[in-house]
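Asker: Sequence:
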Amino acid sequence: MSVQIAIQLDAVRALGEELAALATELSADTDLCASSAASLATAAPGEVSDRAGATGRSWATLVADLVAGADAASTTLLAAVHSYRLADAAVSDRLLAARAGAPA
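Under this note's numbering, think of the first position of the sequence shown as 830, with each following residue one higher.
If you are wondering where the hints come from, they were derived from the structure by calculation, not from laboratory data. Glycine is no exception: its CB is placed at the ideal position from the N, C-alpha and C atoms. Where hints are given, some of them may not hold.
What the hints assert, rightly or not - Computed Cβ-Cβ distance ranges for the label pairs, DEER-style:
1) D917 <-> A867: 48 to 54 Å
2) L915 <-> A843: 16 to 22 Å
3) G930 <-> E847: 42 to 48 Å
My request is simple: use the sequences and hints to build the entire structure.
Answerer: Structure, rendered in structure tokens:
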């Protein structure tokens with residue numbers, strides 16, 4: 830059994846654009862997080878700095894992964910909207926052609 834779903838293409842497009850902007854904004858923070866991790870690792874000798882550096886590196890990895898995920902989701906959503914709109918236009922064109930060819 831198939832289930833019909835309805836989506837708001839403009840809302841999905843807006844979400845995709847928002848995710849793209851988030852990815853762009855966060856990508857600038859990735860380098861800052863990585864350099865901060867290096868500073869934390871060398872701030873003082875000992876275990877505390879080692880752990881702080883490891884935490885900083887983990888945070889930088891998390892931010893990079895978040896950027897990649899937001900970018901991938903954005904690309905997918907925007908491509909889906911584009912695909913749906915192309916399919917809708919094709920159906921519309923076929924309907925118009927069928928009506929134009931039908932006897933009045």
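Asker: Hints first: check each against the structure and report whether it holds.
Answerer: Structure-based check of each hint:
no. : hint                      : in the structure
1   : D917 <-> A867: 48 to 54 Å : holds (51 Å)
2   : L915 <-> A843: 16 to 22 Å : holds (19 Å)
3   : G930 <-> E847: 42 to 48 Å : holds (43 Å)
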